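Enquirer: Sequence:
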Amino acid sequence: MTPLLITVQYFGELNQEVKVVRNDAVTLEDIERWQPKYLVIGPGPCSPSEAGISIPAIQHFSGKIPLLGVCLGHQSIGQAFGGDIVRAKRVMHGRLSDMYHSDKGIFSNLLKECRIYLLFYRKTNHAFWNVLEKLNCLR
1 MTPLLITVQY
11 FGELNQEVKV
21 VRNDAVTLED
31 IERWQPKYLV
41 IGPGPCSPSE
51 AGISIPAIQH
61 FSGKIPLLGV
71 CLGHQSIGQA
81 FGGDIVRAKR
91 VMHGRLSDMY
101 HSDKGIFSNL
111 LKECRIYLLF
121 YRKTNHAFWN
131 VLEKLNCLR
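Sequential numbering from 1 applies to the sequence shown in this note's numbering.
Derived by calculation from the structure, the hints in this document are not laboratory data. A couple of the hints might just be wrong.
[Said to hold, decoys possible] Below 25 Å or equal to it, Euclidean Cα-Cα: the simulated SDA-like pairs (lysine to any residue) are:
1) Lys37 / Asp103
2) Lys89 / Glu50
3) Lys37 / Gly12
4) Lys104 / Asn15
5) Lys64 / Pro43
6) Lys104 / Pro36
7) Lys64 / Val86
8) Lys64 / Asp24
9) Lys64 / Ser102
10) Lys37 / Leu14
11) Lys19 / Gly52
12) Lys104 / Ser62
13) Lys37 / Leu68
14) Lys19 / Leu67
15) Lys104 / Leu14
16) Lys37 / Gln79
17) Lys89 / Ser108
18) Lys37 / Val70
19) Lys89 / Lys104
20) Lys37 / Arg22
21) Lys19 / Arg33
22) Lys64 / Ser108
23) Lys104 / Phe81
24) Lys37 / Leu4
25) Lys37 / Leu110
26) Lys64 / Thr2
[Said to hold, decoys possible] Label-pair distances were calculated between CB atoms; the ranges are:
27) Glu29 / Lys89: 38 to 46 Å
28) Asp103 / Asp24: 33 to 41 Å
29) Asn15 / Arg87: 13 to 21 Å
30) Ile6 / Glu50: 20 to 28 Å
31) Glu13 / Lys89: 31 to 39 Å
32) Glu29 / Gly63: 14 to 22 Å
33) Leu14 / Lys64: 18 to 26 Å
Predicted model, so just to flag it, every value in this text is computed and none were measured. Cβ atoms here follow ideal geometry from the backbone N, Cα and C, with glycine treated the same way.
Produce the complete structure using the sequences and hints provided.
Expert: Below is the structure:
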């Protein structure tokens, strides 16, 4: 099962209405018209720069509705806020790692220890890291 199908299935299990659209087949006006409660930017085969409307949508809806990025969507959120998306020294794609979190924000009420797929951002853009620190959910 692909990350997109898994994500859609999880939201369905939470009784959430899901509308799936391609990032190159939708406009900001379309999304505004739908009045979503949240926006999930999903996975894909390219880089954030090639991910259609993903980065403009993130920048437009940030602070207005909750955003969640999955795989490429997570990278797109990082890039939208000034993060540099770089190749890791050690490829971890498809491997799980232990994660410990601050129990704040989207991590509240989750197990303190869980297994995740890894994504790394290079700490070169201080404005980007200031945004992450304001979210107060990293440790």
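Enquirer: Hints broken by the structure, by number, lowest first?
Expert: Hints 7, 17, 19, 26 and 29 contradicted; others consistent.
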